[in-house]
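Can you make the complete structure from the sequences, with help from the hints?
Number of protein chains: 2
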Amino acid sequence: MKKIYNFSSSPTTLPQQVVEKLNSQLFNYNGTGLSVLEISSTSELGAEIVNSAKKSLRELLNIPQNYKILFMQGDASAQFSAIPLNILSERKYADYIVTGIYSNRARQEAKKYADVAEAASSGGANPIFSTIPYTQKSDFRPDSDYVHICYNNTLYGTKYYYIPDTGNIPLVADMSSYILSCPIDVTKFALIYAGVENNICPGDMTVVIIRDDLLGGGRKDIPGVMNYNLVAESDEIYSATSLFTIYLAKLTFDWITEVGGLEEMKRRNERKASLIYDYLDRQSYYTSPVDKKCRSYTNIVFFTGDANLDSLFIRRAAEEGLINLAGYTTIGGMRASLPNSMPYEGVEALVGFMKKFAQENPKLEM
Amino acid sequence: MKKIYNFSSSPTTLPQQVVEKLNSQLFNYNGTGLSVLEISSTSELGAEIVNSAKKSLRELLNIPQNYKILFMQGDASAQFSAIPLNILSERKYADYIVTGIYSNRARQEAKKYADVAEAASSGGANPIFSTIPYTQKSDFRPDSDYVHICYNNTLYGTKYYYIPDTGNIPLVADMSSYILSCPIDVTKFALIYAGVENNICPGDMTVVIIRDDLLGGGRKDIPGVMNYNLVAESDEIYSATSLFTIYLAKLTFDWITEVGGLEEMKRRNERKASLIYDYLDRQSYYTSPVDKKCRSYTNIVFFTGDANLDSLFIRRAAEEGLINLAGYTTIGGMRASLPNSMPYEGVEALVGFMKKFAQENPKLEM
Numbered sequence: 000m001k002k003i004y005n006f007s008s009s010p011t012t013l014p015q016q017v018v019e020k021l022n023s024q025l026f027n028y029n030g031t032g033l034s035v036l037e038i039s040s041t042s043e044l045g046a047e048i049v050n051s052a053k054k055s056l057r058e059l060l061n062i063p064q065n066y067k068i069l070f071m072q073g074d075a076s077a078q079f080s081a082i083p084l085n086i087l088s089e090r091k092y093a094d095y096i097v098t099g100i101y102s103n104r105a106r107q108e109a110k111k112y113a114d115v116a117e118a119a120s121s122g123g124a125n126p127i128f129s130t131i132p133y134t135q136k137s138d139f140r141p142d143s144d145y146v147h148i149c150y151n152n153t154l155y156g157t158k159y160y161y162i163p164d165t166g167n168i169p170l171v172a173d174m175s176s177y178i179l180s181c182p183i184d185v186t187k188f189a190l191i192y193a194g195v196e197n198n199i200c201p202g203d204m205t206v207v208i209i210r211d212d213l214l215g216g217g218r219k220d221i222p223g224v225m226n227y228n229l230v231a232e233s234d235e236i237y238s239a240t241s242l243f244t245i246y247l248a249k250l251t252f253d254w255i256t257e258v259g260g261l262e263e264m265k266r267r268n269e270r271k272a273s274l275i276y277d278y279l280d281r282q283s284y285y286t287s288p289v290d291k292k293c294r295s296y297t298n299i300v301f302f303t304g305d306a307n308l309d310s311l312f313i314r315r316a317a318e319e320g321l322i323n324l325a326g327y328t329t330i331g332g333m334r335a336s337l338p339n340s341m342p343y344e345g346v347e348a349l350v351g352f353m354k355k356f357a358q359e360n361p362k363l364e365m
Numbered sequence: 000m001k002k003i004y005n006f007s008s009s010p011t012t013l014p015q016q017v018v019e020k021l022n023s024q025l026f027n028y029n030g031t032g033l034s035v036l037e038i039s040s041t042s043e044l045g046a047e048i049v050n051s052a053k054k055s056l057r058e059l060l061n062i063p064q065n066y067k068i069l070f071m072q073g074d075a076s077a078q079f080s081a082i083p084l085n086i087l088s089e090r091k092y093a094d095y096i097v098t099g100i101y102s103n104r105a106r107q108e109a110k111k112y113a114d115v116a117e118a119a120s121s122g123g124a125n126p127i128f129s130t131i132p133y134t135q136k137s138d139f140r141p142d143s144d145y146v147h148i149c150y151n152n153t154l155y156g157t158k159y160y161y162i163p164d165t166g167n168i169p170l171v172a173d174m175s176s177y178i179l180s181c182p183i184d185v186t187k188f189a190l191i192y193a194g195v196e197n198n199i200c201p202g203d204m205t206v207v208i209i210r211d212d213l214l215g216g217g218r219k220d221i222p223g224v225m226n227y228n229l230v231a232e233s234d235e236i237y238s239a240t241s242l243f244t245i246y247l248a249k250l251t252f253d254w255i256t257e258v259g260g261l262e263e264m265k266r267r268n269e270r271k272a273s274l275i276y277d278y279l280d281r282q283s284y285y286t287s288p289v290d291k292k293c294r295s296y297t298n299i300v301f302f303t304g305d306a307n308l309d310s311l312f313i314r315r316a317a318e319e320g321l322i323n324l325a326g327y328t329t330i331g332g333m334r335a336s337l338p339n340s341m342p343y344e345g346v347e348a349l350v351g352f353m354k355k356f357a358q359e360n361p362k363l364e365m
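Here the protein sequences come in this chain order: D and H.
If you're matching positions, the first sequence starts at 0 in numbering that gives the first Met the number 0 and goes up one per residue.
If you're matching positions, the second sequence starts at 0 in numbering that gives the first Met the number 0 and goes up one per residue.
Everything labelled a hint here was simulated from the structure, so no lab data went into it.
One should not assume that every hint holds.
Any copy will do: because identical chains look the same in the list, a pair fits if it lies in one copy or spans two.
Unchecked claim - Straight-line C-alpha distance at most 20 Å; calculated PhoX-like pairs for lysine-lysine:
#1 Lys-219 with Lys-110
#2 Lys-67 with Lys-2
#3 Lys-354 with Lys-111
#4 Lys-91 with Lys-20
#5 Lys-2 with Lys-355
#6 Lys-91 with Lys-110
#7 Lys-219 with Lys-111
#8 Lys-67 with Lys-265
#9 Lys-136 with Lys-187
This is the structure:
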């Protein structure tokens, strides 16, 4: 059978080594005779897996002790509500930087609970979010409760090339499609969250890394499952209950550690992305709308300039085993997502196909 | 290796036939070369799995067309908040029947949003919830927005032996540890919800079956992921995103259909439970605190009357491959959970062990 490379942004494929480990343990975890699918997160064995997953993540990201790691139920969009519900003060001021559909959706959700300001945006009149605005401290309301950013824009293929300076205002970042792709200076953020499906593992779970001083406040009527303080204090009832997802996350953390940690991930991801960007920069058949300094190395967006050719590209690529290359519905074109699990060979195959397709399908106007 | 029977209440074991199907498809779904773990719920293939899972469930439970099936993020405790947030009217009256720890937790959560009345309780002075109170229409406030019950009490081993008559007040039931154990007359309920982990499959997802007239109301600030109307209208963003869980649920629905549907499940479950209850009724070594007419056939609680013997029982049973028989922390004793997936042979092994243990460990006072 033809080798298949899945360029979908979510759920992420699992690295081959993780698949092999999973395959060997799925129906008999560490010789217990138990399937990983049937271990309870409240059992001793379950607690061991949860704690060891948190320990691995803390080491990988070098997370200081004054930050808690929470495994929350649901995907990142649950955090769009949880964040304002938990960390707004009585003032209820929240500043959002809008750089794509998800950061805009986060802003919209916050409006249910806060006086929300759009501190900066890469949108403007053009709905294509092709850049990341540069912000300074003066762009934010000095008494804002937090500033929210989305660090990597999965749909448009941009990422932050700097960490916004928000002074004393807590910086909150959605890192769903960025986490574990390279080292992160956690201390620059008050709260980092990441739905696991983009770059960790399949599953309905979100990792929240939160600085202690942000715990314990918020509204009185926060739904229990969204209450950071409750989840931090009681691992039993309110945190993610699906141990299988936590187990998959742990396998992924362990794999990254084994192959050399986040510096090595960064090296691999830059090498993969460069292969495509270097090719894009050398030819004129495909265009990339993204501002060069904001290029994501996890999600790469490109167009032929002809919607019919784009469709043909996506169909033909799938026939070659290069699947899920369609851009987001409202954007069109192509998008190649290159999470940690995407091997270099997959990207080579894609660039090879791009060259072949361009030769075989000359544009009419050329 | 010794055959292991897992009597844990959650997550449920998967039926052997489901495990075999999963094993054959996990890393190559229907010959696509794709792992089920990496199919997106928003892809065509994903949508096909979601729709087919809903169709199977609708047929199994004979769910009328004026009810929607929602696959929601998170476990049943997320619904403790979602229900009042979505279905309270301006009056904000909610009546709860408290028959155990979870129904009480649901009531506590609702107090954040509603004027909550405890319409009935099986607790009283005795913290052991060993029965289910009989209620009549007059027990509920006539202008209440809904009545909430928990149909099967996982921790104490009781279940409703009747459906409360609430007149025109919508009846809402947590059926996490009851759903699919037997046929249910869905039309008697306005909303049924069930976390999948007890009797469907492992995973952080809750099935919500909701009558159309309950959609579209509620508060203006419902978190998006908890908004029934949003989930019903947009399958894409706000519903459960982990296709793997939906796929496991579908395998379970299909398995039940193949072996004869819910009538057959009921026959099997009654046969399994009777084996234990009949034995309990014939001897005096073990006692069951549960009112006979309210006996759950999914969760069976029993005690030796001596905490040390209880501990010994749990340890020895585990050595024989009969695992997770410890009662809930605050209750003690033993609990055997017999979800659909527990084979008759597992229950035979348990009763055999109970007899042997009683013979080998006479009580001192006897």
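* Asked: Should Lys-2 paired with Lys-355 be assigned to within, between, both, or neither, using CA atoms and 20 Å as the limit?
  -> Within one copy only: 18 Å inside, 55 Å across.
* To do: Up to 20 Å between alpha-carbons, please classify Lys-67 paired with Lys-2: within, between, both or neither.
  => Neither way: Lys-67 and Lys-2 sit 40 Å apart in one copy and 40 Å across, limit 20 Å.
* Is it within a copy, between copies, both, or neither that the alpha carbon of Lys-67 lies no farther than 20 Å from that of Lys-265? -> neither (24 Å within a copy, 45 Å between copies)
* **Intra- versus inter-subunit Cα pairing at 20 Å for Lys-354 with Lys-111** => neither (48 Å within a copy, 60 Å between copies)
* Asked: Under a CA distance limit of 20 Å, which applies to Lys-91 and Lys-20: within one copy, between copies, both, or neither?
  -> neither (47 Å within a copy, 51 Å between copies)
* Indicate which option fits the pair Lys-219, Lys-110 if close means a Cα-Cα distance not exceeding 20 Å: within, between, both or neither. => both (18 Å within a copy, 11 Å between copies)
* **Homo-oligomer pair classification [Lys-110, Lys-91; C-alpha up to 20 Å]** => within (10 Å within a copy, 23 Å between copies)
* Should Lys-219 paired with Lys-111 be assigned to within, between, both, or neither, using CA atoms and 20 Å as the limit? -> both (15 Å within a copy, 7 Å between copies)
* Asked: When no copy is named, should Lys-136 and Lys-187 be tagged within, between, both, or neither for a Cα gap of at most 20 Å?
  -> Answer is within; shortest intra-copy Cα gap is 14 Å, inter-copy 58 Å.
Violated hints for the displayed structure, listed by number in ascending order: 2, 3, 4, 8.
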